[in-house]
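Q: Going down the list, the sequences are from chains A and B.
According to the working numbering, the first sequence is numbered sequentially starting from 1.
According to the working numbering, the second sequence is numbered sequentially starting from 1001.
No lab work stands behind these hints: they were computed from the structure.
Just so we're clear, the structure is a prediction, and the values are computed from it rather than from any experiment.
No false leads were slipped in.
In silico DSS-like links for lysine-lysine, alpha-carbon gap of 27 Å or less:
1) B:K1020 with A:K42
2) A:K42 with B:K1066
3) B:K1014 with B:K1064
4) A:K99 with A:K42
5) A:K42 with B:K1064
6) B:K1055 with A:K99
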Amino acid sequence: GESVGLHLPTLSVQEGDNSIINCAYSNSASDYFIWYKQESGKGPQFIIDIRSNMDKRQGQRVTVLLNKTVKHLSLQIAATQPGDSAVYFCAENMVDTDKLIFGTGTRLQVFP
Amino acid sequence: GAVVSQHPSWVICKSGTSVKIECRSLDFQATTMFWYRQFPKQSLMLMATSNEGSKATYEQGVEKDKFLINHASLTLSTLTVTSAHPEDSSFYICSASGRISNQPQHFGDGTRLSIL
Chain A
1 GESVGLHLPT
11 LSVQEGDNSI
21 INCAYSNSAS
31 DYFIWYKQES
41 GKGPQFIIDI
51 RSNMDKRQGQ
61 RVTVLLNKTV
71 KHLSLQIAAT
81 QPGDSAVYFC
91 AENMVDTDKL
101 IFGTGTRLQV
111 FP
Chain B
1001 GAVVSQHPSW
1011 VICKSGTSVK
1021 IECRSLDFQA
1031 TTMFWYRQFP
1041 KQSLMLMATS
1051 NEGSKATYEQ
1061 GVEKDKFLIN
1071 HASLTLSTLT
1081 VTSAHPEDSS
1091 FYICSASGRI
1101 SNQPQHFGDG
1111 TRLSIL
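Chain B on its own, in the form it takes in the complex:
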C-alpha cells in the first residue's frame, strides 16, 4: 500500500524553539497533504490542508503564523511550529492523498512534540 513517512518521530525542545516536521509520500504523488493534531485519548483534529504549489488552507482556530506549512513538491510537505511553547506539545500527524478523489488518505506515523 501507499507509504507516508514522517520525520522526526519524536522531538523534545526548549520553549521558544521552532520545530520543523517533514512528511513525505514515498511511492505516490501527493497532490494534497493534511496536517492533524491529536491530544491523548482524543480524536484527530484537522489543522490544515496543503496543495502542492499553493498556500495551505487552515481550519478555524488554527494560527497560520504559528503553524507554517510548505508543500513545495508532490512528495514533501513540512509543518513548522514557530516559537513553540508547552501548550503546543502534542502528537502531530500528516496524511497524503493522490489525484483520484474518494480514495483513502494515507497517514504517517506521527511526530510526538514535547516542549519543555
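Isolated chain A (complex conformation):
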C-alpha cells in the first residue's frame, strides 16, 4: 500500500506486480516532464520523459501518463522487480527555461 513517511511517501509492492507512482506538478506553464530514478548514494537516473502535447508515452516496462487538466503525472512500472527499488522523482520544465523543478519523491519498495 501507499503511506506517507516523515519526508518521503512510500509505495510497497510485491515483485511481479505493477506499480503506479503519482505526482502533482505545480505550474500549468510547464511543457516538459521527466521521471528520474535515484538509488541510494547516487544521482538521478533518467527513466522517461513526456512533452505537454502528449498524454501518454511508453518505454520498456514503463509508461508515463500526463493529465494537464488536473496537473497530474504518473509513472507505471510493469512487472516490478527488486532492482526497481529506489526513490522516484518527477520533474517539470517550465517553458522558456532550462530549469527543472523536482517533486517531493516517492520511495518504491519491492518485496519478494
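With the hints as your guide, set chain B onto chain A.
A: Okay, now just chain B, sitting in the frame of chain A:
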C-alpha cells in the same frame, strides 16, 4: 546515454576549509550545467545554473560568495564551497544539458560533503 562525471564522490574536511567539486560531461558539450543540493530523504533543490563562459545564476537564498561556480569550458563546471561549516554538509549533485532544449538533464553521481 550521456555521461556526467562528478568528483570527488565523498569528502570529509574540517570546518573553515574550502572544498572544490568538479562536474564533467564526458561525451557531449554541456552548454548549461546545474548544481543541486539534497538533504537526506528530501528532494533536489536547485542552487544555481551556469552557462559556459558566463556568470552563474543563483537561486533565491543561495549565497553566491559561499558557493562559487565556474563554468570555463563546455565540459567542466566546478562548485567551490568556501569556508565550509557543518551546516554546509549535504549531498551536492550536478547535471548537464546540451544545446537542444527540452532534452533531459543528465546527472552526476553526487558528492557527499561532510564538514566536521
